[in-house]
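Trainee: Next come the chains, spelled out residue by residue.
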Amino acid sequence: MNDLTQLTGQVTELRYALDTFYFLVMGALVMWMAAGFTMLESGLVRAKNTAEILTKNVGLYSIACIMYMLVGYSIMYPGDFDGGVFGSLTTIGSGLLTSTDYSATEVIASNGETYYSGLSDFFFQVVFVATAMSIVSGAVAERMKLWSFFLFTVVLTGFIYPVQGFWKWGGGWLQQLGFLDFAGSGVVHLCGGAAALAGVLLLGARKGKYGPGGQIKAIPGCNLPLATLGTLILWFGWFGFNGGSQLKISNIGDANAVSLIFVNTNLAAAGGLVFALILARLWFGKADLTMALNGALAGLVAITAEPLAPTPLTATLIGGIGGLLVVLSIVGMDKLRIDDPVGAISVHGVVGMWGLLAVVISNESASLGVQVIGLLSIFFWVFISSLLVWLAIKRAIGIRVDQEHEYEGVDISECGLEAYPEFASAE
Amino acid sequence: MNDLTQLTGQVTELRYALDTFYFLVMGALVMWMAAGFTMLESGLVRAKNTAEILTKNVGLYSIACIMYMLVGYSIMYPGDFDGGVFGSLTTIGSGLLTSTDYSATEVIASNGETYYSGLSDFFFQVVFVATAMSIVSGAVAERMKLWSFFLFTVVLTGFIYPVQGFWKWGGGWLQQLGFLDFAGSGVVHLCGGAAALAGVLLLGARKGKYGPGGQIKAIPGCNLPLATLGTLILWFGWFGFNGGSQLKISNIGDANAVSLIFVNTNLAAAGGLVFALILARLWFGKADLTMALNGALAGLVAITAEPLAPTPLTATLIGGIGGLLVVLSIVGMDKLRIDDPVGAISVHGVVGMWGLLAVVISNESASLGVQVIGLLSIFFWVFISSLLVWLAIKRAIGIRVDQEHEYEGVDISECGLEAYPEFASAE
Amino acid sequence: MNDLTQLTGQVTELRYALDTFYFLVMGALVMWMAAGFTMLESGLVRAKNTAEILTKNVGLYSIACIMYMLVGYSIMYPGDFDGGVFGSLTTIGSGLLTSTDYSATEVIASNGETYYSGLSDFFFQVVFVATAMSIVSGAVAERMKLWSFFLFTVVLTGFIYPVQGFWKWGGGWLQQLGFLDFAGSGVVHLCGGAAALAGVLLLGARKGKYGPGGQIKAIPGCNLPLATLGTLILWFGWFGFNGGSQLKISNIGDANAVSLIFVNTNLAAAGGLVFALILARLWFGKADLTMALNGALAGLVAITAEPLAPTPLTATLIGGIGGLLVVLSIVGMDKLRIDDPVGAISVHGVVGMWGLLAVVISNESASLGVQVIGLLSIFFWVFISSLLVWLAIKRAIGIRVDQEHEYEGVDISECGLEAYPEFASAE
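Just so you know, the protein sequences line up as chains A, B and C, in that order.
For the first sequence, the numbering used here puts the final residue at 432, and the numbers step up evenly by one.
For the second sequence, the numbering used here puts the final residue at 432, and the numbers step up evenly by one.
For the third sequence, the numbering used here puts the final residue at 432, and the numbers step up evenly by one.
Calculated directly from the structure, the hints in this document are not laboratory data.
Here a beta-carbon is modelled for each residue, glycine too, at the ideal position from N, C-alpha and C.
Since no wrong hints were added, every one of them can be taken at face value.
Using C-beta positions, here's what the derived DEER-type ranges look like: (1) B/G216 - C/I224: 35 to 43 Å; (2) B/L9 - C/L252: 25 to 33 Å; (3) A/D407 - B/H410: 39 to 47 Å.
To list a few chain A residues with every Cβ distance to chain B over 10 Å, as calculated: (4) V76; (5) G176; (6) G177; (7) K214; (8) R342; (9) V377; (10) I402; (11) G403; (12) E411; (13) E413.
Just chain A, with the same shape it has in the complex (with noise of 0.2 Å):
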């Protein structure tokens, strides 16, 4: 019996160990997700915009882990500490400066509650918030100065993203409510396309993008292998994304889910690519890329509100829509003149509140009039809160570059390089 009991202790550990494991590799794979970002948006714009955009998100990434160490995740998780959001703020990163984990003693006497390491779950929460932020940069591309979007990550990641997300995956109100969110549709990708849309209604269009009469100017990206290579990388960081808010893989109801999740997310992937290329193919007349790349970013944030109820094929279809919903509004915000270099808002704001949406159509559980309170909950936090943030760093020190810096490249003026400084350019 003494055997036995021992045995039940290893098994235990064996489990948390694997679940951990698993989470570490999963929040690897969102990492990950910052190189996606950041070759597709350097892709997408011009080259003498580029080493400024590789600057902003390199930098927001890390901004953003920092502030999410150290308040964020307080916020967010309030836990132990006090159960509330005001509360835990005199705690400020209490839970991870001291970085104390699970004892052996701990987790066994859980029975099974505890089962992965709280610094593996910090650490797949954090690269989260650094994927909502990264959406951003793309949207006020090649026109907002550096210093002023790096203190708005400050601020967006240590406290307007950690507000939402605390209602929804902390345990707050919509959470009770049975608002449905799998892996962020909503808390990440509408989160990030809300604050885009407000920093790009205050900062206005490129120079040259709309003319009078309705002219519209295509500025077409400078270099389209990497903007692939960057939607790929999201592909791929995507299985850690949606596969790891499972939360857990070490029996065989969780594996199986883990599982669908992946061919989900491949499929509706795939889906949105497809079905953007046909659509641009039959509206434009031309198997256009860069919508066929924003197809496949639309599938999978159309997917992540629920990538585990749905069968393969429906994945694909909803997926699919995306695709399709994301070519109707990039050419819907050209036409209202909200520019957008990379098509961020499209993507992610537009296309995750379809994901929200569609939740309804394979969740039995999930109620379409909550799914759009929560919609809008998180939408007008976002939006009005980072209006209001970027309202006063405007009035502070200014959002936008001057004209003639905006002109000759902020590379030149912001990071004091450029980034491809021996190609001739053909303009």
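Position chains B and C relative to chain A; hints supplied.
Mentor: Here is chains B and C on its own, set in the frame of chain A:
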């Protein structure tokens, strides 16, 4: 005793979970190979054809995933449905449309026969199909019509590949004959190479590639860092390709096997690269980077049919011979005026054959005769059926772009955009 | 009772399997760092030297793998063979040529001492050797002969690295003295930095880098998106580098440890990037992207000697100081006219030293004196032996390319091709 039964069940669940997780991670690495092919090919074509090859790569991956879900998987693994290839066509996609997976009761009752999620198996298999198809896009680059290529993709990934896949991995006649092909030197790589050869023979060479009197014009790739990146992505992803083909890792024997596969896969690539680089240096007088890259890939293809039986030193040599062969083959193809812009037929077709034959070096249970039968069966099935499909497509809508579009680059005519719109051409 | 024994054996097998799988995944991430160095270096050199640096990177990785299999591993881990460094030379590669691994009986009999596949250990170790060598290629870029570099690679990876690796990780005198270097700030990074410094001192600066009267000409990298991608690949791969160095994950204590290592590794990089970016902004007036990238890498190098003892906040600061140091060091190297095109000596050598010393901040069992002894031993062993080898190669075949080849770029003279043949030069 009750506790012991319960614990035994938990251990069975853990094993199932570990094997499933391993399978998903390996599958994700194989999916990532899609980025490898995409970067490799976009680096080895000319700038004016880059956006189109990017579109082909992301498009074929998506189509492959959808077609394999709809029909391919049922053909290749008819399994429980009705035990036959044609019979299973009546249950198109049936297994996946419902997406049920094994229950704990089933798994425990199977006595370890059912050791991972069926959906994780689908995920692993589907990324293999995409790999086979990726081989084709490189060989027909710079001159094939985009939508003709996609049409062929539908047929290869939905029918041609799964039929020969069934012969070996689905338990068909090649399997019963004792044909050995661990991870697919034949089923995946030779299959892709044979389909590519059929396409290239019908398509003809790029304009200007071969002059009168045996002249051969070198058409260098436009972006070698991307080609190198693609090669390293493929090298990395190949750990999933070969390592996952062990199918199981949850006991000491399998864990040791996967470790040896990782070591051998890595060393075969290293051997292929070094041998190809030295041969290029001796023959051409220069350390030709593209030959070195193709050497590494050749090493990987060569070891894929049997990465488990050889010692690490033998694996290095099997890969090394692959590296020598690929240099000879690439030069030879040009003599035969078979125009393959990225060397895909040599890397995957010719060296795939070498891999199948090399099994007899290290695996005592292999029969040279059976390996030859398997090699010829796969080659002729794929080559002839592909030729017929290419011919049908040629008759219906044509397969080659107009000469003026080929001259100006297919990016504009097929995709309506340029891959590098801002960089001036040196030509 | 029989059932219990059997189940205990199964649990032991599962533990072994999980630890092996973890080790292989972490190793694959470290292998992927080869792509990181390749992209980083190809982004930071000039276009005309890009193909050659790509060739060096893929070549050195391959040579490192082969040499470490043949002799390096036996020197570093003499293990069961005969217990001595020189003795094991007589059994060159013996462990790997036969490639046997542990049997279930051995593992179960070892009482948990033997907890993962020996071949998975070799795989993990071999990718570390390649990392050390990758550091050198960047520092000697744009002017060193290709084959001289490869010759040095043979010696460093087969002998110089394994000898000092044995001192610490093989159980040698530094280990017995209590020297602490968790994942290799010293054994890997300082080793690479010292070998690079020896090469650079013999080689001299690039033509035109330093003018008369203390003039320093900035020679910007030609492709900053690739440099950024390389940095993010390294960041991602570093989770394997540090996370795998725990060597075990199958119980709660080790799972918690690996989680903390992931968190600390990530935050140290973030700290390094932010601190370096702010210092660059204050000092140079611009947010210098290359300094930010080197800051992130410096943060990673700094935390590598002890990623487990610090709290996350301390890890951020240790990385942050690394980021400040690297900016100072890069500027200082130029004052000393030590020409290091990518800053490798600063990032890996100087900050590697900081990492070794920083162990005493968080780990109470560390002794500053012993850390200094270890630092000096590694530095002088590698520096002096490398200098002798570089000297011997210089005498035999020369190490520096002809001046005219340096002027026209080493791509043509060494590799016979160009990295970007179609893109016009702006110069």
